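Okay, here's what each chain looks like letter by letter:
Number of protein chains: 2
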Amino acid sequence: MSKKISIAIDAMGGDNSPEKTIEGINIFLDKNAYKGDFILNIFGKEDDINKRLKKTNINENLINIIHSNTVVSDKESPMTAVKNSKNTSMWNCINHQLEGKSDISLSAGNTGVLLVISRMILKMMSEVSKPALAGLWPSQSGTSVVLDLGANIECNTENLIDFSELGSALFKSLYPNGTPKVSLLNVGSEEIKGTEIIKSASKKLKDLSNENNFIYKGYIEGNNIMSGNSNVIVTDGFTGNIALKTAEGTASFITKNLKKSLTENLFTKMSLIFSYFSLKKFRDKLDPRKYNGAIFLGLNGPVVKSHGGIDPIGFYYSIDLCYKIIKGNLMSQIRKNLKHSKSVR
Amino acid sequence: MSKKISIAIDAMGGDNSPEKTIEGINIFLDKNAYKGDFILNIFGKEDDINKRLKKTNINENLINIIHSNTVVSDKESPMTAVKNSKNTSMWNCINHQLEGKSDISLSAGNTGVLLVISRMILKMMSEVSKPALAGLWPSQSGTSVVLDLGANIECNTENLIDFSELGSALFKSLYPNGTPKVSLLNVGSEEIKGTEIIKSASKKLKDLSNENNFIYKGYIEGNNIMSGNSNVIVTDGFTGNIALKTAEGTASFITKNLKKSLTENLFTKMSLIFSYFSLKKFRDKLDPRKYNGAIFLGLNGPVVKSHGGIDPIGFYYSIDLCYKIIKGNLMSQIRKNLKHSKSVR
Numbered sequence: 593m594s595k596k597i598s599i600a601i602d603a604m605g606g607d608n609s610p611e612k613t614i615e616g617i618n619i620f621l622d623k624n625a626y627k628g629d630f631i632l633n634i635f636g637k638e639d640d641i642n643k644r645l646k647k648t649n650i651n652e653n654l655i656n657i658i659h660s661n662t663v664v665s666d667k668e669s670p671m672t673a674v675k676n677s678k679n680t681s682m683w684n685c686i687n688h689q690l691e692g693k694s695d696i697s698l699s700a701g702n703t704g705v706l707l708v709i710s711r712m713i714l715k716m717m718s719e720v721s722k723p724a725l726a727g728l729w730p731s732q733s734g735t736s737v738v739l740d741l742g743a744n745i746e747c748n749t750e751n752l753i754d755f756s757e758l759g760s761a762l763f764k765s766l767y768p769n770g771t772p773k774v775s776l777l778n779v780g781s782e783e784i785k786g787t788e789i790i791k792s793a794s795k796k797l798k799d800l801s802n803e804n805n806f807i808y809k810g811y812i813e814g815n816n817i818m819s820g821n822s823n824v825i826v827t828d829g830f831t832g833n834i835a836l837k838t839a840e841g842t843a844s845f846i847t848k849n850l851k852k853s854l855t856e857n858l859f860t861k862m863s864l865i866f867s868y869f870s871l872k873k874f875r876d877k878l879d880p881r882k883y884n885g886a887i888f889l890g891l892n893g894p895v896v897k898s899h900g901g902i903d904p905i906g907f908y909y910s911i912d913l914c915y916k917i918i919k920g921n922l923m924s925q926i927r928k929n930l931k932h933s934k935s936v937r
Numbered sequence: 593m594s595k596k597i598s599i600a601i602d603a604m605g606g607d608n609s610p611e612k613t614i615e616g617i618n619i620f621l622d623k624n625a626y627k628g629d630f631i632l633n634i635f636g637k638e639d640d641i642n643k644r645l646k647k648t649n650i651n652e653n654l655i656n657i658i659h660s661n662t663v664v665s666d667k668e669s670p671m672t673a674v675k676n677s678k679n680t681s682m683w684n685c686i687n688h689q690l691e692g693k694s695d696i697s698l699s700a701g702n703t704g705v706l707l708v709i710s711r712m713i714l715k716m717m718s719e720v721s722k723p724a725l726a727g728l729w730p731s732q733s734g735t736s737v738v739l740d741l742g743a744n745i746e747c748n749t750e751n752l753i754d755f756s757e758l759g760s761a762l763f764k765s766l767y768p769n770g771t772p773k774v775s776l777l778n779v780g781s782e783e784i785k786g787t788e789i790i791k792s793a794s795k796k797l798k799d800l801s802n803e804n805n806f807i808y809k810g811y812i813e814g815n816n817i818m819s820g821n822s823n824v825i826v827t828d829g830f831t832g833n834i835a836l837k838t839a840e841g842t843a844s845f846i847t848k849n850l851k852k853s854l855t856e857n858l859f860t861k862m863s864l865i866f867s868y869f870s871l872k873k874f875r876d877k878l879d880p881r882k883y884n885g886a887i888f889l890g891l892n893g894p895v896v897k898s899h900g901g902i903d904p905i906g907f908y909y910s911i912d913l914c915y916k917i918i919k920g921n922l923m924s925q926i927r928k929n930l931k932h933s934k935s936v937r
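One line per chain: the protein sequences are A and B, in this order. In my numbering, each residue carries its 1-based index in the first sequence increased by 592. In my numbering, each residue carries its 1-based index in the second sequence increased by 592.
Since the hints were derived computationally from the structure, they do not count as laboratory data. Heads up, a few of these hints could be off.
Since the list gives no way to pick one copy over another, a pair counts as held whenever it fits inside one copy or between any two copies.
To be verified - Here are the computed lysine-lysine pairs in the BS3-like style, where the Cα-Cα straight-line distance is at most 27 Å:
id, residue 1, residue 2
1, LYS667, LYS809
2, LYS882, LYS934
3, LYS693, LYS809
4, LYS798, LYS675
5, LYS795, LYS722
6, LYS637, LYS785
7, LYS678, LYS643
8, LYS791, LYS722
9, LYS848, LYS873
10, LYS798, LYS722
11, LYS852, LYS646
12, LYS623, LYS873
13, LYS928, LYS646
14, LYS785, LYS667
15, LYS848, LYS934
The model shown is predicted, which means the values in this text are computed figures rather than measured ones.
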């Protein structure tokens, strides 16, 4: 039997934790316990966790609770994090991973602190110039990977090449039968558009493009991120963060106004009776909880950050993401891809 | 009686022109002819224009057709534009404005060429470090100005300060009773976030903030562009272009999927009977045609670029935008604001 997928979960990070995180774990166990091919290492206050965990019918080998008395505060700054976060539930997760006892860590806690201590404890892969934060976006043809979402506000050509390899490896681990199609986010699709950094990255990506690692599809503009023609969208962390949040803001603006329109009077409320199931399908497809979880790539092991304000279902999706990433052999995909890009450069 | 508002319109630019542009002009005349305080200088093929223009009941003093035999091609590159676009309808518009016969120019033609020849003919204001392309965005509290949308892919601190003054002047010309509230687009709201350029611009904007020109509201993240707390959003042209297009792409992705959901079967189609008027109100509020027209600021006179693919109603909105900008004294607002920022720097 092959080695179990081992996931370290910080049960204490984010709003309403550990209620929310344990509820998410319960959902994950309900759906996946029968597989028996994983173990969840849960870090936090043991009593609290035990009280909330639904253990009926769950094989005890699937769960391992490791008591951690302290929690990283939401107000903690990344600068002082290393000093103040030792032995918190978050720290103990990453440390467990460093010791080889977990394959991946998941936390809904303080983002800045998570990035700093992950990087400090796990260390950057020697082949990588900078680590990146990747996210999943819905698209017309399924799901795309977008990176960097904010780990590096300024990036050079080498960083963008590394992000392309890291993002393609992530895509491949999530969709083993798919082909990563990389595009650089830019202000136009013509070759002369963009900064010198982007233009030189584009040239190198053309040389690297092949069926085994990724196909390079050229530049992509903001309005085509969700078209599905490319499924790995690469950009610097400043632009990626602005794009992600602008998309979130636009989606919330539209759905808020739509909701208001569809509930403003008796007639519109009646209309909901007829369109209920279709609107539910529509909402399900775009449900942001399904895309919960930003993946920190380029360290000696992946770390997933869940939204702090997400609900139990959203947290469940981020556990599921961790499971899939490891099942899809992310780290060997990454090593294979990085070897590929070094071979050409 | 005060001087008439004089608008130069390139009737030949964009898809389906001059049908589309003249149809837009007809709508504008229908709604505004009674005011009698403007003149539309229409550039293009005289016969074509005359054939389509609805002149019934329209005072001839409101229209002035100036024959231009050639048109800037969509394929023309900005590099060769100056050589090849002389005496086109677009060129003649800007030249009319240079001669003081128009206050503003409007074209739905080739964007790159329009920016290049506007800049060459009208020249940059001596007080401005770089011109910028501004757009209007819907927000929870009305409409916001966002700039730069792509005229400058790299910007320094001084550029961002100038954009704040230019954007505030535009806002004030459109909403004389409103107060411009400026924010810098950034990856976080805390002071330590962002590039050195943004941080130093933020410091200077704090010093410049006052009731007469604009109130500086600090950083804004992408998800809050449409919140309405700030109404002048300032960023470099690379980021602004990505944000604008990502918002467009997200909106179109959502509405496409919603439409599919609401028309997929008999029940959902029945629901439309009950929600028709509310959905129409919802669609009207977000109608992108209402926000058609990017304003090129920082030259010795404003130039408006309409979307090339827009329909007659959208083109009508961009004529209306030109009318409002001049009625609101944009250029004197700009001069007043630039004086203000030089006084502190």
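Quick rundown of the hints versus the structure:
1. LYS667 to LYS809: between (42 Å within a copy, 22 Å between copies)
2. LYS882 to LYS934: Classified as neither: same-chain Cα gap 34 Å, cross-chain 50 Å, threshold 27 Å.
3. LYS693 to LYS809: Neither way: LYS693 and LYS809 sit 39 Å apart in one copy and 48 Å across, limit 27 Å.
4. LYS798 to LYS675: Neither way: LYS798 and LYS675 sit 44 Å apart in one copy and 34 Å across, limit 27 Å.
5. LYS795 to LYS722: Within one copy only: 20 Å inside, 30 Å across.
6. LYS637 to LYS785: neither (53 Å within a copy, 33 Å between copies)
7. LYS678 to LYS643: Within one copy, since 25 Å is at most 27 Å while 79 Å is not.
8. LYS791 to LYS722: both (19 Å within a copy, 23 Å between copies)
9. LYS848 to LYS873: both (17 Å within a copy, 14 Å between copies)
10. LYS798 to LYS722: Only inside one copy: LYS798 and LYS722 sit 21 Å apart there, 34 Å across copies, limit 27 Å.
11. LYS852 to LYS646: neither (38 Å within a copy, 40 Å between copies)
12. LYS623 to LYS873: For LYS623 and LYS873, the Cα distance is within 27 Å only inside one copy (21 Å; across copies 42 Å).
13. LYS928 to LYS646: neither (40 Å within a copy, 67 Å between copies)
14. LYS785 to LYS667: Classified as between: cross-chain Cα gap 15 Å, same-chain 41 Å, threshold 27 Å.
15. LYS848 to LYS934: Answer is neither: 47 Å inside a copy and 42 Å across each miss the 27 Å cutoff.
Hint check: violations occur at hints 2, 3, 4, 6, 11, 13 and 15; the rest are consistent with the structure.
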